[in-house]
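K.L.:
So the sequence lines, in the order shown, correspond to chains A and B.
When you line the first sequence up against the numbering used here, it's residues 1 to 474, in that order.
When you line the second sequence up against the numbering used here, it's residues 475 to 967, in that order.
Hints are computed from structural coordinates only; laboratory data are not their basis.
Note that CB positions come from ideal geometry on N, CA and C, so glycine has one too.
Where hints are given, some of them may not hold.
[What the hints assert, rightly or not] List of simulated lysine to any residue pairs, SDA-like, C-alpha gap at most 20 Å:
1. K637(B) with M411(A)
2. K630(B) with E428(A)
3. K637(B) with L221(A)
4. K630(B) with L282(A)
[Stated by the list, open to error] So these bits of chain A aren't anywhere near chain B, every CB distance computed over 12 Å:
5. L45
6. L97
7. L130
8. A168
9. V264
10. E348
11. T404
12. W461
13. Y463
14. T464
Single-letter residue listing:
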Amino acid sequence: MHYYLHLLLPFKQELLLLIAVFILLLVQIFGNKPQQEWTMQWMNLLLLITVLTGFWQVGYATDVSAMFQLTPFSAFEKSVLALATYLISLQAYKWLLHHEHMIEFYVLLLASLLGMFCMLSATNLLFFYLGLELSTIPLAILANFHLQQKQSSEAAFKFIVSASFASALLLLGISFLYGCTGTLSFNGMADHLVVNTFSILAFVLFFTGLLFKISVVPFHLWTADVYQGAPVTVTAFLSVVSKASILFVLLNFLFKVFHSFAQVWHVMVLILLLLTIIIGNLFALRQQNFKRFMAFSSITQIGFILIALLGQNMAGSAAVVYFMVVYLFSNLCIFGVIALVAATTGKENIDDFKGFYQTNPFLAWVLLLGLFSLAGIPPTAGFFGKFFLILSGIQNARYFPWITFAALNLMVSLYYYLRVVVVVFHRESAAEIATIHIPQPVKLSFFICVAGVIIAGVGSWIYTYIYSLASAVF
Amino acid sequence: MIVNFLLIVPLLTILVLLLIQNTQYTKPIALAGSVIQLMVVIGVLLQYLAVSSFNNGAMLLQTDVVWFSPLHIHYHVGVDGISIVMLLLTALIVIAAILVSWKEALLQKEFFILLTLLAFGAYGFFIAIDLFLMFFFLEIAVVPKFLLILIWGSGKKAYSATKLVLMLIGASALLFMGIACLYYNEPDGLQTFNMLQIAQMQLPYAVQITLFPFMFIGFGVFTALFPFHTWVPDGHSAAPTAGSMFLAGISMKLGGYGLLRLVMFLVPAAAQFYAPYIILLAAIGILYGAFATMVQKDLKYMNAYSSISHCGFVLLGIGMLTPVALTGAVLQMVSHGLMTALFFAAIGMIYSRTHTRIIKEMSGLLVYMPFIGGLFILAGLASLGLPGLSGFTAEMTVLVGSWQQPVTAYRVATIVAAASIVITAVYVLRAIGTVLMGKSKEYHDDTPTDARWYEKWAGSILFIGILVVGITPFLLLKLISPAILYIQQTIFK
Numbered sequence: 001m002h003y004y005l006h007l008l009l010p011f012k013q014e015l016l017l018l019i020a021v022f023i024l025l026l027v028q029i030f031g032n033k034p035q036q037e038w039t040m041q042w043m044n045l046l047l048l049i050t051v052l053t054g055f056w057q058v059g060y061a062t063d064v065s066a067m068f069q070l071t072p073f074s075a076f077e078k079s080v081l082a083l084a085t086y087l088i089s090l091q092a093y094k095w096l097l098h099h100e101h102m103i104e105f106y107v108l109l110l111a112s113l114l115g116m117f118c119m120l121s122a123t124n125l126l127f128f129y130l131g132l133e134l135s136t137i138p139l140a141i142l143a144n145f146h147l148q149q150k151q152s153s154e155a156a157f158k159f160i161v162s163a164s165f166a167s168a169l170l171l172l173g174i175s176f177l178y179g180c181t182g183t184l185s186f187n188g189m190a191d192h193l194v195v196n197t198f199s200i201l202a203f204v205l206f207f208t209g210l211l212f213k214i215s216v217v218p219f220h221l222w223t224a225d226v227y228q229g230a231p232v233t234v235t236a237f238l239s240v241v242s243k244a245s246i247l248f249v250l251l252n253f254l255f256k257v258f259h260s261f262a263q264v265w266h267v268m269v270l271i272l273l274l275l276t277i278i279i280g281n282l283f284a285l286r287q288q289n290f291k292r293f294m295a296f297s298s299i300t301q302i303g304f305i306l307i308a309l310l311g312q313n314m315a316g317s318a319a320v321v322y323f324m325v326v327y328l329f330s331n332l333c334i335f336g337v338i339a340l341v342a343a344t345t346g347k348e349n350i351d352d353f354k355g356f357y358q359t360n361p362f363l364a365w366v367l368l369l370g371l372f373s374l375a376g377i378p379p380t381a382g383f384f385g386k387f388f389l390i391l392s393g394i395q396n397a398r399y400f401p402w403i404t405f406a407a408l409n410l411m412v413s414l415y416y417y418l419r420v421v422v423v424v425f426h427r428e429s430a431a432e433i434a435t436i437h438i439p440q441p442v443k444l445s446f447f448i449c450v451a452g453v454i455i456a457g458v459g460s461w462i463y464t465y466i467y468s469l470a471s472a473v474f
Numbered sequence: 475m476i477v478n479f480l481l482i483v484p485l486l487t488i489l490v491l492l493l494i495q496n497t498q499y500t501k502p503i504a505l506a507g508s509v510i511q512l513m514v515v516i517g518v519l520l521q522y523l524a525v526s527s528f529n530n531g532a533m534l535l536q537t538d539v540v541w542f543s544p545l546h547i548h549y550h551v552g553v554d555g556i557s558i559v560m561l562l563l564t565a566l567i568v569i570a571a572i573l574v575s576w577k578e579a580l581l582q583k584e585f586f587i588l589l590t591l592l593a594f595g596a597y598g599f600f601i602a603i604d605l606f607l608m609f610f611f612l613e614i615a616v617v618p619k620f621l622l623i624l625i626w627g628s629g630k631k632a633y634s635a636t637k638l639v640l641m642l643i644g645a646s647a648l649l650f651m652g653i654a655c656l657y658y659n660e661p662d663g664l665q666t667f668n669m670l671q672i673a674q675m676q677l678p679y680a681v682q683i684t685l686f687p688f689m690f691i692g693f694g695v696f697t698a699l700f701p702f703h704t705w706v707p708d709g710h711s712a713a714p715t716a717g718s719m720f721l722a723g724i725s726m727k728l729g730g731y732g733l734l735r736l737v738m739f740l741v742p743a744a745a746q747f748y749a750p751y752i753i754l755l756a757a758i759g760i761l762y763g764a765f766a767t768m769v770q771k772d773l774k775y776m777n778a779y780s781s782i783s784h785c786g787f788v789l790l791g792i793g794m795l796t797p798v799a800l801t802g803a804v805l806q807m808v809s810h811g812l813m814t815a816l817f818f819a820a821i822g823m824i825y826s827r828t829h830t831r832i833i834k835e836m837s838g839l840l841v842y843m844p845f846i847g848g849l850f851i852l853a854g855l856a857s858l859g860l861p862g863l864s865g866f867t868a869e870m871t872v873l874v875g876s877w878q879q880p881v882t883a884y885r886v887a888t889i890v891a892a893a894s895i896v897i898t899a900v901y902v903l904r905a906i907g908t909v910l911m912g913k914s915k916e917y918h919d920d921t922p923t924d925a926r927w928y929e930k931w932a933g934s935i936l937f938i939g940i941l942v943v944g945i946t947p948f949l950l951l952k953l954i955s956p957a958i959l960y961i962q963q964t965i966f967k
């Protein structure tokens, strides 16, 4: 008995989700439908436990024929993803409460999260690909969860088409990589990879597949439409959890598997990040729909995150993971407000928020904090996040001029975040949105997000903790 | 230890303001916080005097706690004479700004929280020794201004607020790149943000030359360096009175103070290399600001453009690099802070009564408001450098210090700067003549009243400051000079 427990312990986060998914499915098939609210609270609790287990009894473990590896770092990454999902689930309260497919929503959400967990722990490309698909396909269904709206189906369709295209590239890349090295395990590949035309081609295909998922320019074209069409909750999940998981995976690949390729991918990353920041900024300037706006804002943020990849392994990966923690809190501040407003009034345009402060001061402050944090303004955590990203990227003096250019783009991004603030604090006319009642779970999520935005920066222990985890791995 | 209270007191004030429900206590709490803060500053001053030996300009009363250990970032604060002078200035202006806004009716709680947050940023900036900490506080002192202008401002407020913040954040981005690059280029791969430690090491000359423009422009934008001064007029004129006072009185000093630290601790060799450019830009700024002021029709715009001219003196003093000129630069920061704050306060008081700031639409106001008119005149006279008031001592010190540089071109710049004082006299006297003197307008139902008690207090506090700097500058010099001598030693070692 003890032996089996020992064997299962490394999978505790995955197992929790897996069991929950199956229970939900069984309930859906056989059971009487339980009360909606009751189920949602259980799901929230489950996610919270998943977050906490990431800090309990984590060590190094390898399993499933050495395809699965648990490290304190990956356990922390999983906790970050679970935390984001927990907050999103809290924020979805108002929307889900009367949704007829609430249980399916959680089945898909948890399945997607499970896929990401597998991806993060994979040490073999097959297992990795399994996780990737498990995380992607439920997302396409989730994007369609506004059952009555055509736009939602359009979003789902666009998502699945671009995701499968990306997967195709990725698979081709994987098979080429297998051709190059004769192995699918990460360690084996890292040992056998030599820089030549074929392996670079394989790398480019593989890399492109991943870049699609985090919508780096020029692979970003699906993002805005999908973000706009999908329900806000799903958009939040796409923009925070899905992106974070791929970025964590990228760290693993770039810093470990493709370490010998550093010269090659440094240049690629530099060009891509400059493109991403410029295009993301330019398009964000004139968006009217708040979700579309957030789509371009998140594209720009990805550009800034890529800066850290140019740095040294430890500082770079710590900066990325730390920034994702910050990004999660700040983005969810904003998405929480949008979700609540959308669920109550159905309004999603930035101009609808005119005079928002007059009627909903609390929500306005939450929104403001989130925007300021994304713009990188102290004392919010976004300032520290941006600072550390750029600080680690600049370590290589060759990139100094380019990164200076990228840093000046912060000014442009600040401009459009402030544009929203200007609208929110508009005083000349009456507010368009009446006072909104905030349900308890949503309130809780706001408190967590706001606390996160403030504490994650000034409280240095979060960064220090991440750094210590990263230094053990990289 | 006591230095930390400079940060704790505003934070506590903000916390209390956040927690109280009854808005009628907002103003007393904000005022009490700022007065306690002044007492803390005086406490810091006394303790500094007790522990400092006068030939030593080193940072004293230090607190050093590790903040982000992997990146060697510390919470490291301390004071020298210059910082104490700036702290005193900040404390006075914050009290005056809170008093001036006593009748603020709109969203009081938010207003005073933002004002205190600004003060928090400024205090932190003036005592920071760690560069990261300094940058952190500098940024904190930027964004509340945006909200202050946006919510409580007047005129083209959204435009002005955005312009101000974008320019300042753009400057910060450059500054940040400078700091980050410095961090990686220290000898022996030391990687520290500690200014004192960086001052001890010899940064390679090439590094200094490369980094100086980044940091110089970064701080320069804050202190209205020509040609990056364009945020000043718009920002100041759109801001509410307290906001303008804060902007001109404290925010523009952040840049000047930062430049001094930059010159003294970080890249002294580059400062010498770039001195001619600094002086050129400063001289252009002084003259341009003065001429631009002459054609302004709006009182706030007038004062904002004159700030560009006056802040040029700070830059001139820093560019000259002689001890007297540097001392003058610090004095000018204090003098300009007090004087413009008073000017803006007086303009705000006049505006709240006449509902116009256009010079031509007012005349003979002195009859109705002798006290406010008096403040206006005194601020104007301080601005044009009347002996006995602060402007005279400060600008004279800068000019005398500049003349000590025997280079012809520098002397031309000095003459240009001195000539600007005449232009200042023209616009100040003309404004006083039109607005206060002359035939009084007839008012039917809303005859302008004179200052209320809070306005009298606000004006008096600032005016006493101006007198102290003007009549007994040696009190400040006692604080400033040792620190300046210390700079002298670092630059020419």
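K.L.:
Each of the hints needs a verdict: does it hold here or not?
P.N.:
Verification of the hints:
Simply put, K637(B) and M411(A) have alpha-carbon atoms about 10 Å apart, close enough for the 20 Å limit, and the pair holds. Between K630(B) and E428(A), the direct Cα distance comes to roughly 13 Å. Compliance with the 20 Å bound is thereby established for this hinted pair. Straight-line distance between C-alpha atoms of K637(B) and L221(A) comes to about 31 Å, which puts the hinted pair past the 20 Å bound. At most 20 Å may separate the alpha-carbon atoms for a hinted pair to count; K630(B) and L282(A) exceed this at roughly 24 Å.
Against chain B, the non-interface label of L45(A) holds: every CB pair exceeds 12 Å, the least being about 31 Å. No Cβ of chain B approaches the Cβ of L97(A) within 12 Å, the least distance being about 31 Å, so the stated non-interface status holds. A cut-off of 12 Å between C-beta atoms confirms that L130(A) is not in contact with chain B; the least separation is 35 Å. No beta-carbon of chain B comes within 12 Å of the beta-carbon of A168(A); the shortest separation is about 40 Å.
Every CB of chain B lies more than 12 Å from the CB of V264(A), the least distance being 24 Å, so the non-interface label holds. Distance check for E348(A) against chain B: the nearest CB is about 23 Å away, which clears 12 Å, and the non-interface claim stands. With a cut of 12 Å on Cβ distances, T404(A) falls inside the contact zone with chain B, its closest approach being about 5 Å. With a minimum CB-CB distance of about 9 Å to chain B, W461(A) fails to clear the 12 Å threshold, and the non-interface call is violated.
Against chain B, the non-interface label of Y463(A) is violated: not every CB pair exceeds 12 Å, the least being about 6 Å. The non-interface label for T464(A) is inconsistent with chain B: the shortest C-beta to C-beta separation is roughly 6 Å, within 12 Å.
Taken one by one, the earlier hints fail for this structure at numbers 3, 4, 11, 12, 13 and 14, listed in ascending order.
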